[in-house]
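Trainee: Okay, here's what each chain looks like letter by letter:
Protein chains: 2
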Amino acid sequence: MAVNLSPPDPTQLFPVPGIELSYAMAGIKKPGRKDVLVMRLAPGATVAGVFTRNRFCAAPVLLAKHHLKGPVRALVVNTGNANAGTGKEGLKRALAVCNAVGKATQAKPTQVLPFSTGVIMEQLPADKIANALPSLRAGSWLDAAEAIMTTDTVAKACSRKVKLSGGEAVVTGIAKGSGMIHPDMATMLSFVATDARVSRSNLQSMLKRVADQSFNCITVDGDTSTNDAFMLIATGKGPSVSSRKDLSILENALTRVSQQLAQAIIRDGEGATKFVTVTVERGRNTAECRRIAYTIAHSPLVKTAFFASDPNLGRILCAVGYAGIKDLDTDRIDLFLDGVCVVKSGSRNASYVESDALAAMKKPEFTVRVVLNRGRTSATVWTCDFSYDYVKINAEYRS
Amino acid sequence: MAVNLSPPDPTQLFPVPGIELSYAMAGIKKPGRKDVLVMRLAPGATVAGVFTRNRFCAAPVLLAKHHLKGPVRALVVNTGNANAGTGKEGLKRALAVCNAVGKATQAKPTQVLPFSTGVIMEQLPADKIANALPSLRAGSWLDAAEAIMTTDTVAKACSRKVKLSGGEAVVTGIAKGSGMIHPDMATMLSFVATDARVSRSNLQSMLKRVADQSFNCITVDGDTSTNDAFMLIATGKGPSVSSRKDLSILENALTRVSQQLAQAIIRDGEGATKFVTVTVERGRNTAECRRIAYTIAHSPLVKTAFFASDPNLGRILCAVGYAGIKDLDTDRIDLFLDGVCVVKSGSRNASYVESDALAAMKKPEFTVRVVLNRGRTSATVWTCDFSYDYVKINAEYRS
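Residue numbers (this note's numbering), protein chains in the order written: chain A, 1 to 399; chain B, 1 to 399.
Just so you know, the hints here were simulated from the structure itself, not pulled from any lab data. Worth double-checking, as some hints may not be accurate.
Since copy identity is lost for identical chains, a pair holds within one copy or between any two.
[To be verified] Straight-line alpha carbon distances no greater than 20 Å define the calculated SDA-like cross-link-like pairs of lysine to any residue that follow:
no., residue 1, residue 2
1, Lys392, Thr273
2, Lys29, Arg244
3, Lys88, Asn99
Kindly generate the complete structure, drawing on both the sequences and the hints.
Mentor: Next comes the structure, spelled out in structure tokens:
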């Protein structure tokens, strides 16, 4: 029951010249579902990535980081097993997958980036993946999006075209959620590709800014996974991008595709029934705005109130109060729910009537806006509510 | 459905000479329930307190802190309304309650400490409390425990006697939970009293250590309330305590009573079906042990796995990994569930079989033990699982 999220329209997902997509059903966890994706890149493609900061980072993350230092010719993603908490044996198996994919794609093992998602602390059946590679089928971006789904209920993909001085370029991306969604690049898997030609260093510096505007602005439950990664790929088969203007146009397109994917992850958050934008405005710096926004977005009490459409908005004030901003002057704070001013100068707005807030909260999407009135910066976080189904999905995930 | 928690046996709750308890039904939120508690103290009693660190601290907390600077003759607690997020009007109303209780107990308003718990951001009906004071009824510690309940399903009180060099002293305490339970003195309301004679400064220094061993070791949902407080009261009607040995005996009794109350709050945590002890051992310092223990205890993914008795223990490793300990060497970490070694040196223990962990998790109480193997300190946190009922209770709290 994703919130205002439909499956992507395949006719609107533009192929990216320089990338061949193929998938297999390896039966890693369950038979008969797409669970392996291989993305083969044209020679000369550039790739940039950001990875989980979890100290227990998974074997494939360690290898991907290492292989990213040289040229990349293929990416392989499996679902059903995260290959995390698996020690040296896990590394060996991740390398075995790179070997097998290298053979299948005429690349060196070190030119393959591996990604895994699924259950933690079980050894990866690398042989199943290797055995499935001969039966790889060419696929579309929709197939690719489907092949990386785990508890997602809707495949996540989107696409845009941009006009650059050297011609038109395509930006197409896919992502998977949908639990363990948290900021600071420990969010999920997402691969966004363009056929534009971009230098490695330009791509890497764009990546950081794009991530900060998209995947680093979302949270479902505050849990930070061991595996997750966001990769930007530029195949170089399309127009060359090096002027400041072109770089800016391309970055804008990458950001919009990534934001749409990031928001799709929240819309399809585990058990989500509401999509909530939390904005903290007029703070002293971005860090304090983000900290307060995330404290609100993580509070189980706030999230259950969202679920119930209960304007028990004191819970939001309470979360602002314990966000750990030591010199916060609560007498200056205003709180809005969509257009409704709930709190004025730190206490209940005299003209506030609960039915107004109730009407806003009953909608599947609304905005919580906290105005600190102590500076000029702001931050936005997208989150979802906390429902019976969140508990159900996570209590029954493996059964 | 509290976990292994029965209502207190009234015959085992010893009166504390020097404290008169009385309660009223003021109809603050609902008619016909005990919702006001007055504790009248003998002259010369000493009181020490720690309060919420939430920046949005409630009006009664501000007043109680202020009044605590002088002698205290009475404490008044109301449920049904937290008087938080209520601005200047809230302070005025809290003071009105102190005035009324002062009159009723022949004390000055500044000698009264007010406490409130309940819904945030609604003005306190102070007149209802004042009007109810003439009908105060003398009560027992069980009545007192019942009068401060909100979403608690079981009243929380316990009692011990200790032998000191000057004779026997009594320690009796009450507490209320049961959501918004979090460390660092922002937990709940608890009042623990003894008839021993203890200097104000000795009482205050004991308080900090007692809180760190009890109420600062629990969490239900990571939310830190605007109102909560832990108060130690020494009426001075019993034996005088000043020698190091007597102070230590008394502190030990205060700690044990407070731990029992703190654990009772978790056992009766909103929706709790499991009582879980999380211990982190052999860390470099207490701070990192506590941080890891709390990260595990706060993770919704871990807590839903507890609820499901699902030994999906990778989620615990994952939480250890994102606790933010930058130089943590995951290859040294061992993880135990009760006696079962699940993880050895950072990956799955070769001889581990899931059915052993499952058997432990099916019990209503078990211990998660993380051994960091990098130092000599340890920390323990008590928590509960995350169930359908947590969502239900918090989604429906006000209806």
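Trainee: Pop the pair Lys88 and Asn99 into one bin, within, between, both or neither, using alpha-carbon distances up to 20 Å.
Mentor: Answer is within: at 17 Å inside a copy they meet the 20 Å cutoff, but 69 Å across does not.
Trainee: One pair to classify: Lys392 and Thr273, alpha carbons no more than 20 Å apart. Within, between, both, or neither?
Mentor: both (14 Å within a copy, 15 Å between copies)
Trainee: Pop the pair Lys29 and Arg244 into one bin, within, between, both or neither, using alpha-carbon distances up to 20 Å.
Mentor: Answer is neither; intra-copy 46 Å and inter-copy 63 Å both fail.
Hint violations for this structure: number 2 only, all remaining hints satisfied.
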